[in-house]
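Visitor: Protein chains in written order, with the numbering used here: chain H, 115 to 559; chain U, 115 to 559.
FYI, nobody ran anything at the bench for these hints, they're computed from the structure. Backbone N, C-alpha and C fix where the C-beta goes; we use that ideal spot for every residue, glycine too. Treat the hints with care, as some may be off.
[As the list claims (entries may be wrong)] So the derived label-pair ranges between C-beta atoms look like this:
#  : chain 1 : residue 1 : chain 2 : residue 2 : range
1  : U       : Ala117    : H       : Asn140    : 29 to 35 Å
2  : H       : Arg540    : U       : Glu143    : 33 to 39 Å
3  : H       : Asn348    : U       : Gly485    : 40 to 46 Å
4  : H       : Gln557    : U       : Asp345    : 18 to 24 Å
5  : U       : Asp185    : H       : Ser448    : 28 to 34 Å
6  : H       : Glu558    : U       : Asn526    : 42 to 48 Å
7  : U       : Asn140    : H       : Pro407    : 15 to 21 Å
8  : U       : Glu558    : H       : Ser553    : 46 to 52 Å
9  : H       : Ala444    : U       : Glu143    : 32 to 38 Å
10 : U       : Glu175    : H       : Ala306    : 52 to 58 Å
11 : U       : Arg482    : H       : Gly356    : 36 to 42 Å
12 : H       : Ala444    : U       : Gly376    : 48 to 54 Å
[Unchecked claim] Here are the simulated DSS-like pairs of lysine-lysine, each with C-alpha atoms no more than 25 Å apart in a straight line:
#  : chain 1 : residue 1 : chain 2 : residue 2
13 : U       : Lys515    : H       : Lys144
14 : H       : Lys304    : H       : Lys178
15 : U       : Lys122    : H       : Lys427
Number of protein chains: 2
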Amino acid sequence: MAALIEPKVLKGFRDFLPPAEMIRRNLTEKIEASFRSFGFVPIDTPALEYAEILLGKGGGETEKQIYRFTDNGERDVALRFDLTVPFARFVALHQAELVFPFKRYHIGKVWRGENTQRGRYREFTQCDFDIIGSDSPAADFEILLIIHAVLLNLGLNVNIKINHRGLFNRFLSHIGQQENSVEILRTVDKLAKVGLAETQQSLAAIAGDTHAQKILAFIGADTCAAGTFDDTLNRITELSGGPSPESERLQQLRQWMQNVYGVNAGFTLDPSITRGLDYYTGVVFETFLTELPDIGSICSGGRYDNLAGLYSKSRISGVGSSIGLDRMIAALESLDRLPVAAGYTAAAIACLKQEHSGLYQALAQQFRQAGIPCEVFLEGAAAGTADHKQLLKQFVLAEKKGLRWVIIPGENPLQDTLTLRDLPTRQNHENLSVKAICSKIHQEI
Amino acid sequence: MAALIEPKVLKGFRDFLPPAEMIRRNLTEKIEASFRSFGFVPIDTPALEYAEILLGKGGGETEKQIYRFTDNGERDVALRFDLTVPFARFVALHQAELVFPFKRYHIGKVWRGENTQRGRYREFTQCDFDIIGSDSPAADFEILLIIHAVLLNLGLNVNIKINHRGLFNRFLSHIGQQENSVEILRTVDKLAKVGLAETQQSLAAIAGDTHAQKILAFIGADTCAAGTFDDTLNRITELSGGPSPESERLQQLRQWMQNVYGVNAGFTLDPSITRGLDYYTGVVFETFLTELPDIGSICSGGRYDNLAGLYSKSRISGVGSSIGLDRMIAALESLDRLPVAAGYTAAAIACLKQEHSGLYQALAQQFRQAGIPCEVFLEGAAAGTADHKQLLKQFVLAEKKGLRWVIIPGENPLQDTLTLRDLPTRQNHENLSVKAICSKIHQEI
């Protein structure tokens with residue numbers, strides 16, 4: 115006999131057993147239902163693309179993390195590392211076939227060969243949603259509403275921190291620091307991670323002490339961003355040289371939030387939110403769980419003004435966001451609020467005589483047709499075993515599977531009345547028809 | 115400006131635009147609902163595995179087709195090319211955590227770098243379902259039932275052709291050809307593809323003329339497998355030396371089919387079905403659409419007695435099958451029976467004044483909360499455009515998106531009555547409340 119191959123999975127990759135996979139599906143189905151209720155439609159793209167397309171201008175970090183190789187046809191290919199770059203390529207390729215404004219969602223796996231410490235995985239699921247082909251603040255607003263709706267639907271209360279990169283840049287121009295914008299925004303983006311002292315030092319190194327002080331005042335570092343939305347908006351409007359299209363857009367979003375949610379809307383204006391990526395040009399946001407802020411942002415995004423610029427001459431603007439399913443699950447787990455991973459069936463037909471398996475299935479069909487998913491047990495005990503011992507064994511199996519009921523057929527499974535075993539109470543309800551059992555089960559689930 | 119990167123996808127790979135992706139999701143949701151109604155639970159496994167695990171003994175064809183490369187950690191890895199091999203590895207690794215008999219399904223993408231002619235893709239979706247840890251014929255039967263249920267649920271009538279490889283081997287032993295079994299079964303497997311004459315020649319080359327004749331008689335090649343299930347079972351039972359556990363199992367399955375479906379059950383006994391793979395040891399089957407038999411088998415499978423033998427000393431037997439989603443979609447398309455790819459929303463709120471976008475969203479929430487997915491249009495026409503022109507533009511957009519209704523708010527969107535535009539009839543229903551519109555829409559969908 116040949117030596118066995120060790121059945122291991124790659125580091126950073128995971129199997130999902132049924133309890134975990136049922137939770138994942140339950141969550142993605144809920145997220146998807148929220149997307150759909152706002153009129154978003156799904157797309158899909160290949161896992162594998164030309165490396166040139168995924169790497170674009172070639173980013174140092176991306177290049178190191180990407181799964182890239184030469185295929186059998188000598189093509190330079192790679193696994194997608196996010197859903198944004200494939201979306202940009204998709205839009206460039208199919209723009210003539212799309213109806214704009216285009217509201218799409220995409221739930222799919224992505225792969226990054228990054229360091230696997232601290233619960234980072236090399237294969238993980240992202241849930242992206244974007245509106246492209248509209249510059250309207252109503253599009254920004256809708257993306258924010260969806261974040262709110264998705265998380266509320268999962269039983270989570272959130273604080274969405276919003277900012278406007280355009281307004282930040284207007285402020286930097288106002289103090290003569292426009293040319294350092296990229297570096298300054300990246301430095302501010304790390305504030306929560308590295309702390310105030312280090313940020314101040316870094317800013318001073320880039321822009322000098324005086325400007326560093328002004329930048330920290332703009333982002334409200336001294337006040338810990340504790341002001342109301344309106345206070346903060348007044349401050350940054352003033353510091354950026356007075357009212358502008360950017361400050362008006364924030365004002366407009368603020369008003370609409372009050373239309374839908376009232377005053378305490380779960381939205382904060384936080385000028386220290388900049389999102390490191392150059393890609394964003396307008397409103398940006400991060401989402402924190404009110405009960406678990408330390409887990410970091412579980413849903414970030416923003417407005418960009420040139421989605422597909424690497425692949426197309428058309429300038430297509432939009433706004434979008436991405437939910438990391440794995441971080442969401444970790445959060446729900448910490449809060450002990452993961453949905454229970456019960457199976458999809460509540461009942462099983464016991465197997466008393468194996469030669470009756472066809473009749474048991476015919477009986478189960480009657481339950482399935484009444485909308486009750488119903489498993490059929492496939493094996494009775496060995497011949498000669500007493501009926502009650504057979505049944506006890508099957509009750510144990512049913513409990514292991516998380517079932518609530520076992521349906522015990524008679525000698526003539528399709529003619530005789532049935533017994534319904536309620537596992538949690540250990541009670542048998544006897545002499546029942548299929549119809550009586552259906553209404554009992556429907557009543558309780 | 116840098117040169118543009120051409121936005122192309124790899125040969126054999128596909129983007130799915132919303133109409134196609136909605137169809138795919140609709141179908142997989144239906145397939146999944148069928149699996150769940152029988153008590154099957156989902157698992158997932160990584161797209162990427164150690165190449166050694168996927169290649170196992172190393173098959174010539176597999177090796178040529180597989181996407182295999184060295185990752186950044188110098189590991190020899192590959193993309194999964196089916197869901198069976200990862201399942202075997204999964205079971206070897208997790209057997210202590212599973213409840214047996216274990217009924218699982220797995221819907222996922224697989225990758226093969228094969229020739230892309232004739233509508234074969236390099237990335238495609240498989241839907242696998244298996245019962246492992248049971249030798250019972252009731253497990254074979256349940257897999258057959260599920261095939262029937264899934265396809266019926268998609269509006270397709272099928273003929274499931276069944277055979278038993280053990281009975282075929284018993285017959286070969288009986289005529290002294292056991293040692294040529296693998297070659298003979300593979301040759302017979304190609305009968306439908308290469309025709310009778312070539313099969314006869316090949317069989318004669320393997321086993322001699324006399325035995326070739328006997329084999330053709332066993333598989334019923336002369337009668338075109340036209341006999342009834344019972345006739346054929348009688349013939350192959352006799353030719354294999356009389357009743358045996360294998361013939362009794364087929365007899366048992368036959369009886370159960372009649373229990374559930376009556377006499378014309380859509381099941382045929384066809385001894386020429388052998389499935390080329392060595393892997394199968396018991397009942398095997400292929401599924402043909404009665405209205406489109408030439409498309410070939412859209413769902414094949416069988417019983418195996420040692421799923422995880424490459425990775426574990428435990429012998430785990432089971433029975434399973436796999437639906438190819440792409441072939442299924444091609445079949446439904448040929449039959450003009452693809453579900454319509456309407457969007458998930460039936461109605462949109464028109465945008466008359468963009469500054470009211472917050473109120474339009476608040477209005478839409480009322481519809482969503484009543485269970486009616488409702489889109490909000492984000493942009494009105496340029497200032498100064500007459501209201502009716504704005505609306506006409508939005509009716510056109512709604513039609514392009516496949517919506518049925520547009521809801522037209524008044525000057526005070528949350529206070530005023532609404533107008534409901536029925537796009538197909540071009541009628542406006544005026545002075546309606548949210549409630550009245552909800553009941554009208556619920557009535558019609």
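Visitor: State for each hint whether it applies.
Guide: Going down the list of hints, with the structure as the test:
At about 46 Å, the beta-carbon gap between Ala117/U and Asn140/H misses the expected band of 29 to 35 Å. Between Arg540/H and Glu143/U the beta carbon distance is about 36 Å. The supplied range of 33 to 39 Å therefore holds. Between Asn348/H and Gly485/U the Cβ separation comes to about 41 Å, which falls inside the hinted range of 40 to 46 Å. Remark: the range hint 18 to 24 Å for Gln557/H to Asp345/U is contradicted by a beta-carbon distance near 49 Å.
Checking the proposed 28 to 34 Å range against Asp185/U and Ser448/H shows it holds: the Cβ atoms sit about 31 Å from each other. One distance hint, 42 to 48 Å for the beta-carbon pair Glu558/H and Asn526/U, holds here, with the actual separation near 46 Å. At roughly 39 Å, the beta carbons of Asn140/U and Pro407/H sit outside the given window of 15 to 21 Å. Glu558/U and Ser553/H have their C-beta atoms about 30 Å apart, which leaves the hinted 46 to 52 Å range violated.
Separated by about 27 Å at the C-beta atoms, Ala444/H and Glu143/U break the suggested range of 32 to 38 Å. For Glu175/U and Ala306/H, the Cβ-Cβ distance of about 53 Å falls inside the hinted range of 52 to 58 Å, so the restraint holds. Taken as a hint, the range 36 to 42 Å holds for the pair Arg482/U and Gly356/H, whose Cβ atoms sit roughly 39 Å apart. Between Ala444/H and Gly376/U the C-beta distance comes to about 52 Å, which sits within the given range of 48 to 54 Å.
Taking the CA atoms of Lys515/U and Lys144/H, the gap is about 23 Å. The hint holds against a cut of 25 Å. For the hint linking Lys304/H to Lys178/H, the alpha-carbon distance of about 21 Å falls within 25 Å, and the restraint holds. Straight-line distance between C-alpha atoms of Lys122/U and Lys427/H comes to about 15 Å, which keeps the hinted pair within the 25 Å bound.
Violated hints, listed in ascending order, are 1, 4, 7, 8, 9; each of the other numbered hints is respected by the structure.
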